[in-house]
Amino acid sequence: MESVAILSAAIETATRKAFAELADRCGGEQLYAFALYSDEDAITLCPSANTLEHLEAGGDKDDWAYYQFEPAEWKYEMEGAEKEFNQISAQLRHAAQKTVGTEKRSRQLRELAVSVLAKLKEEGFFNSLAKREVFLTWSVSDSDMDPEIIEPIIRLLNGPFYAQQYIDWMKTWD
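For the sequence shown, the numbering used here assigns the number 245 to the last residue and increments by one with no breaks.
Among the hints, a few may not be true.
Stated by the list, open to error - Derived BS3-like pairs (lysine-lysine); straight-line CA-CA distance at most 25 Å: (1) Lys154 <-> Lys192; (2) Lys154 <-> Lys88; (3) Lys190 <-> Lys154; (4) Lys175 <-> Lys190; (5) Lys192 <-> Lys88; (6) Lys192 <-> Lys202; (7) Lys88 <-> Lys190; (8) Lys202 <-> Lys146; (9) Lys88 <-> Lys202; (10) Lys88 <-> Lys146; (11) Lys192 <-> Lys146; (12) Lys190 <-> Lys202; (13) Lys154 <-> Lys169; (14) Lys132 <-> Lys242; (15) Lys146 <-> Lys132.
Claimed, not checked - Listed next, with one range per pair, are the computed distances between beta-carbon atoms: (16) Met216 <-> Gly129: 18 to 24 Å; (17) Glu182 <-> Arg203: 23 to 29 Å; (18) Arg96 <-> Ala161: 23 to 29 Å; (19) Glu124 <-> Thr170: 41 to 47 Å; (20) Ala189 <-> Ala128: 28 to 34 Å; (21) Glu194 <-> Ile220: 22 to 28 Å; (22) Arg164 <-> Ala143: 18 to 24 Å; (23) Lys175 <-> Ala80: 20 to 26 Å; (24) Trp244 <-> Ala161: 29 to 35 Å.
Quick caveat, the hints were computed from the structure, so don't treat them as lab data.
Ideal Cβ placement from N, Cα and C applies to all residues, glycine included.
Based on the sequences and whatever the hints tell you, model everything.
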């Protein structure tokens, strides 16, 4: 994997740009959620965001929490700072060709992405731009998250309001 410090800085820059772009783009809609996510091979990194209006307009009311917390179902999936995230993904693909061990690469990318989200949360970056508490998460597309991995991430990245809702939803997973 690329130098950790360089990759972390690139992820932070791209994340800041993506969220700022989306905050501007959504106009009068209320951003409530933002995620960074990858694929199972850890060769891509993408942002995703959702608005309350999109959540309320769509989705199955019987599985409300899924649509509330699943980045693949959000309005702005793979949008924001496209150039920057494409460059990061190219670096990840290049690094993957040089290394063996998808599990290690995946763990390293998850740790970097979560640390960037945590840093920006502590700065108040997301909440100040959205003018509300923002749900933050990490996800892997087309994969079920291991509860033992995702629960500490959710607790780290979110206040009690969203953390408890997410943990309650986790209890419904089969």
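### Query
Does the structure break any of the earlier hints, and which numbers would those be?
Hints that this structure does not satisfy do not exist here, as all of them hold.
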